[in-house]
Amino acid sequence: MYYTYAITGLILLISFLINKQRTIKAIKISFIKFKKIFPTFITMLILVSIILFLFPDEVISNYLGNGSKFISVLLASFIGSITLMPGFVAFPLSGVLLTKGVPYMVLSAFTTTLMMVGIITFPIEKEYFGTKVTIIRNIISFLIALTVAIMTGIFFGEIF
Amino acid sequence: MKKNIKIRIAYISIYFLFLAVSFVLRYNPGKEIGYNFVSFLLYMLKILPCAFILIGLFEVWVKKEVIEKHLGEESGIRGYAWVILLAGTIAGGLLVAFPIAYSLYNKGAKLSIVFTYIGAAAICRIPMTLYEASFMGVKFTMIRLLFSLPLVIITSILLEKYLSKRNYKMAEGK
Numbered sequence: 016m017y018y019t020y021a022i023t024g025l026i027l028l029i030s031f032l033i034n035k036q037r038t039i040k041a042i043k044i045s046f047i048k049f050k051k052i053f054p055t056f057i058t059m060l061i062l063v064s065i066i067l068f069l070f071p072d073e074v075i076s077n078y079l080g081n082g083s084k085f086i087s088v089l090l091a092s093f094i095g096s097i098t099l100m101p102g103f104v105a106f107p108l109s110g111v112l113l114t115k116g117v118p119y120m121v122l123s124a125f126t127t128t129l130m131m132v133g134i135i136t137f138p139i140e141k142e143y144f145g146t147k148v149t150i151i152r153n154i155i156s157f158l159i160a161l162t163v164a165i166m167t168g169i170f171f172g173e174i175f
Numbered sequence: 565m566k567k568n569i570k571i572r573i574a575y576i577s578i579y580f581l582f583l584a585v586s587f588v589l590r591y592n593p594g595k596e597i598g599y600n601f602v603s604f605l606l607y608m609l610k611i612l613p614c615a616f617i618l619i620g621l622f623e624v625w626v627k628k629e630v631i632e633k634h635l636g637e638e639s640g641i642r643g644y645a646w647v648i649l650l651a652g653t654i655a656g657g658l659l660v661a662f663p664i665a666y667s668l669y670n671k672g673a674k675l676s677i678v679f680t681y682i683g684a685a686a687i688c689r690i691p692m693t694l695y696e697a698s699f700m701g702v703k704f705t706m707i708r709l710l711f712s713l714p715l716v717i718i719t720s721i722l723l724e725k726y727l728s729k730r731n732y733k734m735a736e737g738k
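Chain order of the listed sequences is L and Y.
So for the first sequence, this note's numbering puts the first residue at 16; every next one is plus one.
So for the second sequence, this note's numbering puts the first residue at 565; every next one is plus one.
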């Protein structure tokens, strides 16, 4: 996180030294673009706050840890698709689940859908790319995540 | 459009009213939702300003011809390599990837490259990948990358083919 700030600051400084007007224009563009999408972000935050309330860590652990592997994979990809979690929360959680005996393929389905499929980010994605493309991209991402989970299962010897 | 704005104002007001009442009456589920909202808002306010400043600088400094040449119709395999590298170094995941992908598209990047960017930003950001490997093991992370990245590229190319047949254009002025 901090390196992003450092790099952004550095680039901004260099830009400013080269051309003051252009840099000011750039900041104006940033501001306008941010302002346009901000209401959609608030909508998304409202969804996130409710979904995270319905699916706290303990509930996720419960769902992923029980039952057959294949049902768990499906549940994991479902939960991963509808929730939104930064990586610094998701991977430690997965690490804990791993020590509790949750198979790699289930965690793969969970983390990959978490990163690639965004039902909660749908309002934002739609603003930029339109409803149809957003739906197609999310379905494709879901299928990729399932494929990756199956491959993970094969290579960790969890399927055969 | 105006109707949409009214609906939005309505549900945002209801939501915050619900939070306010929950805090006054000490209604726990409502309080928890409120904390979730604040913690995610803070998280986003940490990444988004950087992302949007970079987008602004990109719009001002990077010439359309440069993007068209390296990420446009004539760019070959190299275009994908560039865009995956770009995705790997920018923090923030999907949320940040959408506006950046949109800017790339408007500067002349082709659709398959734009979708590859989004996919790669989701799965192979370098700092996150290292973090992932430290919790899940290198093997887990390698399997994920080796299978997902080629699939992202292939499906992006197919999606581009499908969409260009239908004259797809992204919305303007976002």
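In case anyone wonders, no lab produced these hints; they're calculated from the structure.
A portion of the hints provided could be inaccurate.
In silico DSSO-like links for lysine-lysine, alpha-carbon gap of 27 angstroms or less [stated by the list, open to error]:
no., chain 1, residue 1, chain 2, residue 2
1, Y, Lys628, L, Lys50
2, Y, Lys733, L, Lys141
3, Y, Lys671, Y, Lys595
4, Y, Lys703, L, Lys141
5, Y, Lys729, L, Lys50
Hints, one by one, checked against the model:
1. Y:Lys628 / L:Lys50: holds, 24 angstroms
2. Y:Lys733 / L:Lys141: Status holds; Cα separation ~13 angstroms.
3. Y:Lys671 / Y:Lys595: Not satisfied, since the Cα-Cα distance of roughly 44 angstroms exceeds 27 angstroms.
4. Y:Lys703 / L:Lys141: Distance of about 35 angstroms is beyond 27 angstroms: violated.
5. Y:Lys729 / L:Lys50: violated, 33 angstroms
Checked against the numbered hints above, the structure breaks hints 3, 4 and 5 and satisfies the rest.
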